[in-house]
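> Residues per chain, in single letters:
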Amino acid sequence: MNYSYTILILLIPIAAFLFNGLLGMKFKPIVSGLVGTIGLGIVFLLSWYTAWQYFFVGGMVDGEFPKIIAMSMDWLQFTDKLTIRMGIMLDPISVMMLVVVSSVSFMVHIYSLGYMKGEKGFERFYSFLSLFSFSMLGLVVATNIFQMYVFWELVGISSFLLIGFYYQKPSAVAASKKAFIVTRFADLGFLIGILLLSFFTQTFDFTTLTGADHSIFESGAAKSFMGMSVFTWACLLIFMGGAGKSAMFPFHIWLPDAMEGPTPVSALIHAATMVVAGVFLVARMFPVFFFQAPDALEVIAYVGGFTSLFAAIIACTQYDIKRVLAFSTLSQIGYMILALGVSGYEGHEGVGYMASMFHLFTHAFFKALLFLGAGAIIHAVHSNVMQDMGGLRKYMPITHITFLIACLTISGVPFLSAFFSKDEILVAAFHHNKLLFAVEYLVAGITAFYMFRLYFSIFWGKDTQYHHTPHEAPKVMTIPLMILAIGSIFAGYVPFAKLITADGRPFESHIDFAIAIPSVLIGLVGIGLAMLMYRKETHIPERISIALGGFYKTVYNKFYIDEIYLFITKKIIFNYISRPVAWFDRHIVDGTMNGIGWITLTSAKKIKGLQSGYLPQYGMVFALAAVVFVLIFAFLVR
Amino acid sequence: MALNVLMFYILSAVIVIFSVLTITSRRILRAAFYLLCVLVATAGFYFMVDYQFMAGVQLVLYAGGIVVLIIFSILLTSHISHKFAKPEAMRLVMGLIVGVSGFALSTIAILQFAFKETENAAIKVDMQAIGTQLLGTGKNGYALPFEVISVLLLAAMIGAIVVAKKGK
Amino acid sequence: MIEGIPMTHVLIVSAFMFFAGICGFIIRRNMITILMSIELILNAVNINLVVFNKYLYPDQLQGQFFALFVVGIAAAEASVAIALIINIYRRLNSINVEQVNEMKY
Amino acid sequence: MNILNLFVIIPVLTVLGIMFVKDYKGARMTAAIGMSLQLVAALVMTLMYFAERKAGASGEFLFYTDITWFKTLNIHYTVGVDSIAVWMICLASIVVFAGIFASWEVQYLSREFYISLILLATGVFGFFISLDLFTMFLFYELAVIPMYLLIGIWGSGPKEYSAMKLTLMLMGGSALLVVGLLGLYFNSSAAGPVTFNLLELSKINFPMAMQRFFFPFLFVGFGILGALFPLHTWSPDGHSSAPTAVSMLHAGVLMKLGGYGCLRVAMFLLPEAANEMAWIFLILTTISIVYGAFGAIWQKDLKYINAYSSVSHCGLVLFALLMMNKTAINGAVLQMISHGLMTALFFALIGMIYGRTHTRNVPEMGGLMAVIPFLGVSYVIAGLASLGLPGLSGFIAEMTVFVGAFAHTDTFHRVITIIATMSIVITAVYILRVVGQLLLGPLREKEYLEFPDARWYERLSLVVLILPIAIIGIYPAFLSGTLADAIVPIVERLTAML
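Chains A, B, C and D supply the protein sequences, listed in that same order.
Position 548 (the first sequence) corresponds to 782 in the numbering used here; numbering is contiguous.
Position 32 (the second sequence) corresponds to 198 in the numbering used here; numbering is contiguous.
Position 97 (the third sequence) corresponds to 392 in the numbering used here; numbering is contiguous.
Position 138 (the fourth sequence) corresponds to 141 in the numbering used here; numbering is contiguous.
Next comes chain A alone, as it looks inside the complex (with noise of 0.2 angstroms):
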């Protein structure tokens, strides 16, 4: 099979960024934005026309799907060994990634032409896009570790920018510095655990690295460092990084003040594609973790379950729209990385594995449609705090209805695409560990309990005075809303289990109603409540956050994780660190080159008093030398 043609879907976007930044201001903007549409509208179709030739003409080989490099080129030799290539690898994730991606991205673009239209900097808006699809692209077909760390920073960057787009507001300008530092903090973890793997393995392919070869591991199997073998210190260091950008807890701080970016960039990055770059990192790494560090991937499990809980609970308190959606970004990342860490590795044991990339393709549909419905609202109402909303089912019918399945899929209603994967999710933790299924279990009630609470308290509830009226969003914006509708509804019926599985062989995977029908059933009660305490204006929610009191206010203010976040940074590092540092430089260090250079000159003062002049004082000091000298060689040194 020839998948040459792959390179394009690298160049076009990055041909688009380049045309957009250098000359995007020469242009009318609309040109800008139809540039990186029609870049992303054809990357979109190759990416389909890749993921259709590999599944379904190129097929399995030896009963597995193979890991195919389309293309390879030296980049950076570091010794004889280790080498960065850069090169495209088609397998199962990598492909789904890209048409996820892709899709995604393109539904985004297309918004974005309504949605930011007479913004200022359009054109730098839409070369920045391009920049993250392409590195985004660039990150999901990696060969090789180091790739996909140089795209994973390249992400990062574009996340910066992204985030800090309205450059003018302190608030968004300190979002994006924040997300950005605690993504770089966390990929120092994964740098290092590149480093300790590529040293022991001497290599950083993906293809020998995850390959049934583990010979490569031997070298390193023996050592272990503080109790811990090597891999399972560079694997942990590695999901380090993926938790840094999936912003697993305790690096979640950052992904809820992403929001300050336009909410497109929202969209695309922190609900569909950039924030699952952690779940693909460990899908992509899995079999490392698997037989190298099973350790490190029990903690996998805790971390991702950990926050699903904690981000669900936090997500039931917010008002801001987009804080709700962000809450609950992280707890169905943390789905996903729970579903990696409980899973296995042949066959239906690998049920966990394929759930998880499962629910992230699910998830990318259902997520980005909320939020760009959610973007819909903020531009008819200006506005994303919920109390400013209500009632805006009237005004805005294409959003509502699409609002409203997205939130029935999230909540895992039945032939639903979320009902599907979450379900797999559910099944590979029930096997795995009972704790961790129940704590997802319960996550599934309150994310129908928020979700809903979102829904109604947005299209239902009161009805609130607009300043002036509501109105549906543009055509150019619904139809990606409406397309995306489409896909959460229907995305679950792909067979991912013939496709995406740990081992790359297919297997046999049936809905478990034992499971299923409780967590269904959870799910309704979920929706119940909310529509019992939002539907109408009542005093429920309010009497209920004063009987909470304490327990209330922790959580509104998200544990206070930030806080302490704060206290570090700017209390610790600024304040015991830095400035003990720039002390000690300026007054101990250049102090002490300052008291040499002082010293010479004092005692070049004092000296200089000997030249005072006084000529019989010149006279008797040399003759007293004169003395001492003949006294000394002439009498006692003989």
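Bear in mind the hints are in silico, worked out from the structure with no lab data behind them.
Careful, some of the hints might be misleading.
If you want the footprint, here are the derived chain B segments under chain C, 3+ residues with CB under 8 angstroms [as the list claims (entries may be wrong)]:
1) 170 to 180
2) 235 to 245
3) 315 to 321
C-beta atoms are modelled at their ideal positions from N, C-alpha and C, and glycine is treated no differently.
Start from chain A and add chains B, C and D according to the hints.
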């Protein structure tokens, strides 16, 4: 005791006593006079060793020239009756330390050192010998230093005039 | 050659004169006295030159010539020094050496 | 004629030319023409060098010329380049070229300014081409002295103090160097004529006691110029007071003399001592790296921030050199080039921003991106290069260094490597802080609206610096793959006795 030996010790005594007086006298004109005495005694000493020309120069230049110059300048810059304050104790002590220790050292050195005379016969020192050698250009001729000294003297003379000239 | 007078005695006398000069140079503050001390020092040196010539190398005249030149230089020195002293006196109305320390540092 | 001589002749001719022009316009034109020629010569030389290598030239140094200069002491004018020197010369010519355009507006004593600047450049070029230690030292001094005048006369702030401090500290380094160089010289031959020739010296195995004694002199002597902790304090003061072009040249090129000297002289000639004492200097450089980065966080003055950042980045250069394997030294050279370009870019930008706002105090500025987008974007690019964004040169250099440093298996090297990697996060913190405060956010002053964006010469200067940063970042192989011929002999000598 031979007369010339006695004469030498008298001259020595004069030199020693008047040197001390020169530097201790608190009246400056007297100091100049004591200096004159020292110089004259030195001249006597030259006579004793049969260097008449040297002694003459000493008398004319030193006693006659320099001391007179000094006395003129004293008269120009000081009151005759002016009496100096006693020198400060510190300086006195320092001066004495230097002087006494230096003198002691020199004396010890002089007494310890074995001086060796030349074997060659002495020559007669007369004006003619001095004159030919001083202006000679051959071996042992001093014409060049002599000329240099004369230039130096000229320069000193002009310099002195320029320096001492009343400013504008 | 002076019979009966050891050379060392002459040298001791000249040494005494020399250090008396140095003493004076240190102790006194009047510039003219200092000048006189210098004359003493030079004179002591002259005696030495002459004596060495007479006692050790009577076959030559070098010592004497050196002494002669020293006298010449002393004259030049004295004339310049006195010119300076007079000039200083005119400017500062004093010939106290302690007030003439503009050249310090 | 040997093409390398051009690198000394062109600047000298330029200086002569500037002497005969009458106003600042003529002076800057002459300087610009001269340095453009220099840049062309550097590129031609690079091409020639690699053409010869390709044709199979196998000498350690190409374009080798040896002219006896002072016979009795056996001092020669010996020139020759290997690939490190070639790239260093390219770096220097780019930075000097950009520097001339960045200081296009200097009108006060402009002829003298350009003359000093080009003299400084002469020293730098001479240093990189010399193979005779005496000549090398001579050029080194030639590079340091004009710095005093440039900072003292055309500087800002407490310029006399800074100039004095910088010169004295660098002179202190020179003093150590003289001791070290003479040590090499007098130990170079037991019987025959002693020599300063680097090639001949490199064939000698010095006795251990001698190496132990002289290595610190040489390493610290060059290390001062490479901002080795705790002898780096000339850097913040010096840079902050220096005029734009001088900061560029100093941080961009002159500080590289330190790293280059450490490698070429100290470590190459005294390999056993280098191996033995590496740990001491590794600790110091690790401190430099982290400490410089932390120091930068607290600073308010743009130039101070950058100066501390330079301390951190140059610490990484020395750190990598001391790791003493092929990858790490490769990384060190990359880092020198990368840091040279991006710090020159930084200082050029700071100069341009200062020229508009008349302050370098970060809290007093804000929102500049909206009014001077060209400068703003360039600043962001410089910042991103500095914090190691893939696609720009900083990433390539840092990653090569880290991979190389990680090849040591013992705990000591591991730990300091991990500490050193932490600097990339801290770098991100201070870079983003500055970018956030300076460029982003609401416009702080009304008068900013009148600021003109970059003029043509400013754009030229910036583009000349940004282009290589991006090219190295996107296609590093052309650079990192060519260094082997220079590095292999050094590494072999360093590891021969292990």
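> Against each hint, give a clear statement of whether it holds in the structure.
How the hints compare with the structure:
1. 170 to 180: Per the Cβ count (4), the hint holds.
2. 235 to 245: holds (count 8)
3. 315 to 321: Held - the stretch 315 to 321 of chain B has 4 residues with a Cβ nearer than 8 angstroms to chain C, which meets the minimum of three.
Checked against the numbered hints listed earlier, the structure breaks none of them; every hint is satisfied.
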